[in-house]
Amino acid sequence: MMADLFMLTALCILISVAGALIRAWRGPGRADRMMSAQLIGSGGVGIAVLIAAARSEPAILDVALVLALLAAFAALAFVKTVTPEGAGDPEADEAETP
Amino acid sequence: MSVVEGIIAGLLVLGVFFYVAGTVGLLRFPDTHSRLHALTKADNLGLGFIVIAAGLHWGDGWIAGKLALVWLLTLFAAGMAAQLVARAALKAEGGE
Amino acid sequence: MTLPAVSFSLLLSALKRAALLGLAWLVLTGGEFGALPYILITVPAATALSLLLLPPGPRPLRLLRLVALFPGFLVRSVMGGVDVAWRAFHPRLPVKPGWIHVETRMQDGPARALYGAETSLLPGTLSAGCDARGMKIHCLEVTDHTRERLKIEEERLARAFSQDEAQGRDDG
Numbered sequence: 000m001m002a003d004l005f006m007l008t009a010l011c012i013l014i015s016v017a018g019a020l021i022r023a024w025r026g027p028g029r030a031d032r033m034m035s036a037q038l039i040g041s042g043g044v045g046i047a048v049l050i051a052a053a054r055s056e057p058a059i060l061d062v063a064l065v066l067a068l069l070a071a072f073a074a075l076a077f078v079k080t081v082t083p084e085g086a087g088d089p090e091a092d093e094a095e096t097p
Numbered sequence: 000m001s002v003v004e005g006i007i008a009g010l011l012v013l014g015v016f017f018y019v020a021g022t023v024g025l026l027r028f029p030d031t032h033s034r035l036h037a038l039t040k041a042d043n044l045g046l047g048f049i050v051i052a053a054g055l056h057w058g059d060g061w062i063a064g065k066l067a068l069v070w071l072l073t074l075f076a077a078g079m080a081a082q083l084v085a086r087a088a089l090k091a092e093g094g095e
Numbered sequence: 000m001t002l003p004a005v006s007f008s009l010l011l012s013a014l015k016r017a018a019l020l021g022l023a024w025l026v027l028t029g030g031e032f033g034a035l036p037y038i039l040i041t042v043p044a045a046t047a048l049s050l051l052l053l054p055p056g057p058r059p060l061r062l063l064r065l066v067a068l069f070p071g072f073l074v075r076s077v078m079g080g081v082d083v084a085w086r087a088f089h090p091r092l093p094v095k096p097g098w099i100h101v102e103t104r105m106q107d108g109p110a111r112a113l114y115g116a117e118t119s120l121l122p123g124t125l126s127a128g129c130d131a132r133g134m135k136i137h138c139l140e141v142t143d144h145t146r147e148r149l150k151i152e153e154e155r156l157a158r159a160f161s162q163d164e165a166q167g168r169d170d171g
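So the protein lines, in turn, are chains V, X and H.
Here the first sequence is numbered in numbering that gives the first Met the number 0, starting from 0 and rising by one per residue.
Here the second sequence is numbered in numbering that gives the first Met the number 0, starting from 0 and rising by one per residue.
Here the third sequence is numbered in numbering that gives the first Met the number 0, starting from 0 and rising by one per residue.
Treat the hints with care, since some could be wrong.
[Unchecked claim] Below are the BS3-like pairs computed for lysine-lysine, each with C-alpha atoms no more than 25 Å apart in a straight line: (1) K95/H <-> K90/X; (2) K150/H <-> K95/H; (3) K90/X <-> K79/V.
If you are wondering where the hints come from, they were derived from the structure by calculation, not from laboratory data.
None of the values given here were measured: they were computed from a predicted structure.
Kindly produce the complete structure, drawing on both the sequences and the hints.
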């Protein structure tokens, strides 16, 4: 019974995350699309935790942990591609143009 | 349904509420940086409630520690990523 | 002879980081007995890597003070989520975004980054990094209290990061 409740919650979050895809589709900026991807990342972490709890399977928590790490790296990679030289250190950029 | 199960159900509902709030904010807010507010704050709060619900359901100390680690990591990553994406978005708009 | 003092503080930060990483290892392996011997390899390696990638600065992080700040931070970040949710669901969408500049007395990069991350989770504010004029903060609604609230928050965190009272920044 509790397991079903956890699965139902996971389904609700999946639907909510799917809604965020509208922002990825519409944009308009690259940052908007990136944010939609980030939301999918944190939604994925939540869903993994819920499935782990529903099945009492601690191994799925490691999936959640890896997803959380990957989401952070995805955001970093995005910022690096946006900065002109791909160097991606905004503090350094600003030091050049005070 | 026991009291604990009632609390877990309540936490799950709260979790879904904040996830949906994050999505709605991302769709409705007028500019990129405002949307970033919704993404950074609402989603991670939703995850927090879900993590607490899962911890209560499991009732195991080590698992609770790992759940806490998952949440702390996402909170930290969200705060850092928000600043980076905010800067990148500013740059894309051509400064202020 | 400043060398002994320097190496002592280095040893102290190495020990602090090793303790944290050891705790992380225990939690990650779920306290399993079979994984325990590997702690002798993983923790020293991770500590060395951490010291290499982020050498300890002159102002040590007070871990206990930081942990003591955590409950209050949690409450305020819940308020941040509630604030965003309220605005998102409100039919008239009460969002009047604007930028403010805030001077910061956080002197090193890590302290400023953590302050920015914290700011981004508090109600209505989002940090977009620093420039010569200080921190750029995006607000969902610019009010008179925003600056005061940030100042209080900064004061709390500055103590955990042992930032001195000195004004301005030295680009740490």
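Hint consistency between K90/X and K79/V [alpha-carbon to alpha-carbon, up to 25 Å]
Between K90/X and K79/V the Cα gap is close to 12 Å, so the pair holds against 25 Å.
Regarding the pair K95/H and K90/X, is the alpha-carbon distance no greater than 25 Å?
holds (21 Å)
Holds or violated: K150/H and K95/H, Cα atoms, limit 25 Å.
Distance of about 22 Å is within 25 Å: holds.
Hint violations for this structure: none, all hints satisfied.
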